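Residues per chain, in single letters:
2 protein chains.
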Amino acid sequence: MSAIRVGVVKEVAPGERRVALTPDVIAKLAGAGLEVLIESGAGTAAWFLDDDYAAAGARVVPSEILYGEADVLLGVGRPDLERVRSGQVVIGLLGPLLEPDLMARLARRGITAVSLDGLPRTLTRAQGMDALSSQANVAGYKSVLVAAEHFDRFFPLLITAAGTSKPAAVLVLGIGVAGLQAIGTARRLGAVVSAYDVRPNTRDEARSLGAKFIELSSIGSAAGEGGYARALTPEEQAAQQAELAGHIARHDVVITTAQVPGRRPPELVTAEALGAMKPGSVLVDMGSSALGGNVAGSRPGETVVTEGGVTIVGAGSLASDMATSASAAYARNMAALLLHLVVDAALVIDPTDEIQAGVVITHGGAVVQPATAALLGGTQG
Amino acid sequence: MSAIRVGVVKEVAPGERRVALTPDVIAKLAGAGLEVLIESGAGTAAWFLDDDYAAAGARVVPSEILYGEADVLLGVGRPDLERVRSGQVVIGLLGPLLEPDLMARLARRGITAVSLDGLPRTLTRAQGMDALSSQANVAGYKSVLVAAEHFDRFFPLLITAAGTSKPAAVLVLGIGVAGLQAIGTARRLGAVVSAYDVRPNTRDEARSLGAKFIELSSIGSAAGEGGYARALTPEEQAAQQAELAGHIARHDVVITTAQVPGRRPPELVTAEALGAMKPGSVLVDMGSSALGGNVAGSRPGETVVTEGGVTIVGAGSLASDMATSASAAYARNMAALLLHLVVDAALVIDPTDEIQAGVVITHGGAVVQPATAALLGGTQG
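In the order they appear, the protein sequences are chains S and D.
For the first sequence, the residue numbers in the working numbering are 923 to 1303.
For the second sequence, the residue numbers in the working numbering are 923 to 1303.
Please keep in mind that the hints were generated in silico from the structure rather than gathered at the bench.
Bear in mind that the values here come from a model prediction, so they are computed numbers and not experimental data.
Any given hint could be a false lead.
[To be verified] If you want the footprint, here are the derived chain D segments under chain S, 3+ residues with CB under 8 Å: (1) 1056-1068; (2) 1081-1087; (3) 1109-1119.
[Stated by the list, open to error] Listed next, with one range per pair, are the computed distances between beta-carbon atoms: (4) S:Arg1129 with D:Ser985: 47 to 53 Å; (5) S:Asp1126 with D:Leu1020: 52 to 58 Å; (6) D:Asp1002 with S:Thr1155: 57 to 63 Å; (7) D:Pro1042 with S:Thr1225: 40 to 46 Å; (8) D:Gly1032 with S:Thr1225: 42 to 48 Å; (9) S:Asp1126 with D:Leu1045: 49 to 55 Å; (10) D:Ala1161 with S:Arg1005: 52 to 58 Å; (11) D:His1169 with S:Gly1223: 49 to 55 Å; (12) S:Val1227 with D:Gly1168: 43 to 49 Å; (13) D:Arg1186 with S:Glu1021: 53 to 59 Å; (14) D:Thr1155 with S:Ala954: 57 to 63 Å.
For glycine and all other residues, C-beta sits at the position ideal for the given N, C-alpha and C.
Build out the structure end to end from the sequences listed, making use of the hints.
Below, the structure written as C-alpha cells:
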C-alpha cells in the first residue's frame, strides 16, 4: 500500500496568514509513513518559504496537484471545498456548529470532515492537539500588544527626571486560555491587572499570574460544560453588565475574551459602560465576530473611536496576525492529531475513540458528530 | 505689572499629536505668576480636553486670541511662525541646528526663540528640563511595541501543550536614553537582548538592564561631546558596518537609535546586512528622518518589506505616537524651564546663565546661541 498523502492548502479566507503545517513537523510525519505535499506559497505569509518545506522533505506542488493527489487536505480554516472530492478527508478548524448545513452537504458529497474545534478539551491526552487553546494563547498575547499599540500612555510604572508615570490599569474579562495569557503579558509589561470571569474556579489561576480577581455580588457561578461558561439568563446578564460597568470605568484598558461556541458572544461592556470610561481608554474585543462582540459598537476587524474618546478594537482573529507562532503551534496540534489517526501508515476512522467522536464531523456519507447532528435535528446516518 | 501670559499652541506639524502643557502643571505655573492660555483643541489628540484645562485654571481661547495675546508661545515643535510677532518669545523643540537660517530670520523679526534641544544635557540641574531625554524615553518604549506589533512570533519563551516557543533575539544599536528604554522594555516582554554602542561607557548600563553588550574588535571608542558619539571616519564606519552585519543576521529584531544632532544619521545596517537576515525579521529605525536613517532603505513614517522578507519600520518620531505620556513628560520639562526663566513674575533672559546659554537661540535681534551662530558663520549680533 502506498503512503498516505497529506496536502497542506494555501488558506483561502481573506487576511488569513497562517499555514496548517510548518517545516519542523514534516520529518515526524514522514517517519509515520505520511507523504507531505505543500501547495506552493502556502507558508509564505507566515515566513515559511517553499524552499524551507522542500528542505524538510515535503513536496511543494501547484494547487491543482495538491487538491488532485492528496488523500487528506489540511488547513487552518476550510480549504476550497468546491475542489474537494468524494473520498478525500479534510482537516481544519471547520466551525461545524456555526454551519451545520455545510457539514451535511460535505457528508452527502462523501467527504470526511475532521474539525479540530470539536476536540474534547478537558481530555488530558488530547491537549497536544488543542488548536483552540494554542490559537487563543497566541491571540491573548497579541491582544495586549494591540492594546498597548493604541494606548497613548506607558503600561509600566516609570520614574524619570520628567516625573513619575503611573502604571496602566488593565481589566481582563473572561479568564480562559486567552484571558490568562493576556493577564500574563500585561503583567510582563508592568500594568496593574484585574480580571473577571463568571466561572469562580478561574480565580486562583488569575491570581497566580498576579491579577486581582473581581467578584460580583449580583451573580453566582455560571460554570458550564467542557470548561466553558453557560449562557446567562437575560436577568443575570443585565445584573452582570450593571455591576461590571463600575469596574470598567476605573480601568484604562479592557480586554474581553468571552465566547460561547456557536452562539452570539455575551455583551460585557454596554454603551452606558463605555460612556463612563475616560478619554484615551482602549478596549480590545476578542469576542468580536460577525455574530456580534463583547463590547457595544465593536466591529470585527475595525478600530472605532467613540465620541467620548474611547478606542474599541474589534479583534476576533488575532492569532492570524502573529502568523509564525500561531502556525508553529497549530502545526504541532495538527501533527499530533494526524499521528493519532494514523495506524500502520493508514488513516483509521474510528468513532468509538473519544477524541475521534469529537473531531470527526462527517464520515461514510453521514454527519456523525453528535453536537453537529443535533443542530441538524438528530443524528443523520 | 500684569502677569506673563504663556500660550500653548495647537501643534501645526502634520501628524503631531503632542501638546506642550498638560492640565496637571497649570497650577504650578499659575503659582509662579504666569497666566496660561490654551489654544482650543490643543490637547485633544493627546486626550487632554479643553474642559480639563479650564478646570485646572487655564483660559481656553481661539487661535487668534492666543497668538495675539500671549507673551510667550509654547509648542512641542515650532508654532505657526508666520503669526508670531516682534517681542514675543517662542519656546519649543525648534531644531536650530537643522535650520539655522530660519533662526536668523526669527532674530531679524525681533522674536526671542528658546529651544529645548539646546539644553546642556550633562548638567544635573537641567535634567528636569531635558525634553530630548523624556521624549527619547517614550520613543524607546514605543519602539519595542512597534517591533512586537510587526514581529510574527512571541517575544517571551513560552512553554505550552503545543510546544516551546523560544524567545525573540533583540538587538539594540545605540545605547542612549531611547536604547536603554528599548532594552528594558524588550526584557520586560521576555526577549533575549543584545546591545551595541560605539561609546564603551554605555556597557555597564546596558548590562544592568539585562542586555548582552556586543564589543567590536574593529573599532575603538568614539565617545564625543555632550554625551553623544562623535561622527566616525568613513573607514571606521565601514569596519563597524561589516562587523555588525554578522551580529545583525543572528537577531530576529533590530532597533536602531543612532542620531547625531543636525547631521545625517549613521548607516548601521547596510543593504548587505539586511540580505543576511532571516525572513520575518523586523527592524525599527528610530534614526529615520528626512536626512536618512540607520537602516539602508528605511523611509520615515513608512513600513517597507524587503524582497528577503525583512520588515523595516521608519520610526523617527515615535514619541508623538504615544501622545499622552509624551506630552505629560514634555509639559513637566517645559514647566521646569519656564520656572527657571521667570524671576518675580517676569521673564528674565540672561545669556550668562549656563542653561540659557544653551536654549536661548535668538534674542535682541541676534542669533545668540554659539552652536547655531557658528553654522551661520560666526556670532551674529
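Verification of the hints:
1. 1056-1068: holds (count 6)
2. 1081-1087: holds (count 5)
3. 1109-1119: Coverage by chain S holds here, the residue count being 3 at a Cβ distance below 8 Å.
4. S:Arg1129 with D:Ser985: 47 to 53 Å: The hinted range 47 to 53 Å holds for Arg1129 of chain S and Ser985 of chain D, with Cβ atoms some 52 Å apart.
5. S:Asp1126 with D:Leu1020: 52 to 58 Å: holds, 57 Å
6. D:Asp1002 with S:Thr1155: 57 to 63 Å: holds, 59 Å
7. D:Pro1042 with S:Thr1225: 40 to 46 Å: The hinted range 40 to 46 Å holds for Pro1042 of chain D and Thr1225 of chain S, with Cβ atoms some 42 Å apart.
8. D:Gly1032 with S:Thr1225: 42 to 48 Å: holds, 47 Å
9. S:Asp1126 with D:Leu1045: 49 to 55 Å: holds, 52 Å
10. D:Ala1161 with S:Arg1005: 52 to 58 Å: holds, 56 Å
11. D:His1169 with S:Gly1223: 49 to 55 Å: violated, 38 Å
12. S:Val1227 with D:Gly1168: 43 to 49 Å: Between Val1227 of chain S and Gly1168 of chain D, where Cβ atoms are some 45 Å apart, the hint holds.
13. D:Arg1186 with S:Glu1021: 53 to 59 Å: Once the Cβ atoms are compared, 58 Å apart, the range 53 to 59 Å for Glu1021 of chain S and Arg1186 of chain D holds.
14. D:Thr1155 with S:Ala954: 57 to 63 Å: holds, 60 Å
The structure is inconsistent with hint 11 alone, although it conforms to all the rest.
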